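J.: Going down the list, the sequences are from chains A and B.
For the record, in the first sequence the residue sitting at position 113 is 1083 according to my numbering, with numbers rising by one throughout.
For the record, in the second sequence the residue sitting at position 17 is 987 according to my numbering, with numbers rising by one throughout.
None of these hints come from the bench; they were simulated from the model.
These numbers were taken from a predicted model, which means no experiment stands behind them.
By construction, the Cβ of each residue, glycine as well, lies at the ideal position given by its N, Cα and C atoms.
Possibly wrong hints are sitting among the right ones.
Chain B stretches covered by chain A per the calculated footprint, using a threshold of three residues with CB under 8 Å from any CB of chain A [to be verified]:
(1) 1056-1070
(2) 1078-1086
(3) 1092-1101
(4) 1105-1111
(5) 1121-1132
With the C-beta cut set under 7 Å, the calculated list includes, among others, these residues of chain A facing chain B [claimed, not checked]:
(6) Gly1111
(7) Ala1130
(8) Gly1141
There are 2 protein chains.
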Amino acid sequence: MPTPDRTSYAEIVAAGRDLLEDSGLAGLTMQGVAQRVGVRAPSLYKRVRDRDALIEAVAAATVDDLAGRLEASDRSLEGLARAYRALAHERPEGFRLMFAAAAPQELLDRAGLTIVDSAASIAGEEHALDAARLVTAWATGFIHMELAGAFRLGGDVDGAFDYGLAALRRGLGA
Amino acid sequence: MPTPDRTSYAEIVAAGRDLLEDSGLAGLTMQGVAQRVGVRAPSLYKRVRDRDALIEAVAAATVDDLAGRLEASDRSLEGLARAYRALAHERPEGFRLMFAAAAPQELLDRAGLTIVDSAASIAGEEHALDAARLVTAWATGFIHMELAGAFRLGGDVDGAFDYGLAALRRGLGA
DNA sequence: ACCTGAACACCGTTCAAGT
DNA sequence: ACCTGAACACCGTTCAAGT
Chain A
971 MPTPDRTSYA EIVAAGRDLL EDSGLAGLTM QGVAQRVGVR APSLYKRVRD RDALIEAVAA
1031 ATVDDLAGRL EASDRSLEGL ARAYRALAHE RPEGFRLMFA AAAPQELLDR AGLTIVDSAA
1091 SIAGEEHALD AARLVTAWAT GFIHMELAGA FRLGGDVDGA FDYGLAALRR GLGA
Chain B
971 MPTPDRTSYA EIVAAGRDLL EDSGLAGLTM QGVAQRVGVR APSLYKRVRD RDALIEAVAA
1031 ATVDDLAGRL EASDRSLEGL ARAYRALAHE RPEGFRLMFA AAAPQELLDR AGLTIVDSAA
1091 SIAGEEHALD AARLVTAWAT GFIHMELAGA FRLGGDVDGA FDYGLAALRR GLGA
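Could you build the full structure based on these sequences and the hints that come with them?
T.: Structural data, given as structure tokens:
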């Protein structure tokens, strides 16, 4: 005697993303997600293996989101970096989770290749991969530190971001 | 009727650091730490407010460790970056925790000022803070990505680190 | 075929009782 | 003055019983 579905995998992952931002990783509980989608916690196990799998799915959805934003940008060094930072500001917990949880290689490659593409046009094909790693590492670290509140020696944080972009262009050009 | 102490705050924090590396943040449990120092979990509450306070103390000990290593390096751009990366390779979970948990401002400033000092000699006093943030952000992001296994498009990761150091020197010199 | 309450394991935390 | 077992709250997870 089939019962109409009261939720779906996509709805669960979306609720997980929102709960993550509201309550942090420790607050991303099965009971919390269940409440948001309107079922009891045990029902989630029909669609998700366990909490770790849900966390992975939330991380994967965030990487997918990021890849889409990078592709939708003007693909310049500056455009890519600002799109990356904008996502991190909108979903800081999701940003952190991308580096704490495993995401599908295919999605990571999609985001990575967009950046390598852009890097090639600045530093040349020969150094494209090294250049992409330089820029991505800088942006990733800048955002991590910014979110951790590590920039408290004063100064202008937005200005430091622009300074970094300009200095990287100089360093890559040579 | 006093009882001889069976453990100490320092021993608890040290056990926490080791357990963190062995079992990850989720594995850093009060029961696990208690077992390592030879008491029962409730006894830890005589010396530590709660699990969050213990996690903060572990993060602070890691920042203190880092500050000491930076000060003991030759303080060149390359020396600082390599000392940072070496710590992260030895204590990857501790490195991650520095950006996930709050550490005392005084310790963070101590580490930060060592880097600003070095940056000043390369980019000039005027841009010292921006330059320090560029280098620190790059190293932090590089290590985060490396630890997350995000460098899987091939190529030589150590080579990419050296390429980054050289490009940053070029970009900062101008 | 999905949903639920009940049950169990595990962990954080408190507290009265021991020494 | 510190240490402990017992107790409680909370969460992840399983499962038999409902529809």
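J.: Going through the numbered hints above, which ones does this structure break? Give me the numbers in ascending order.
T.: Violated hints: none; all satisfied.
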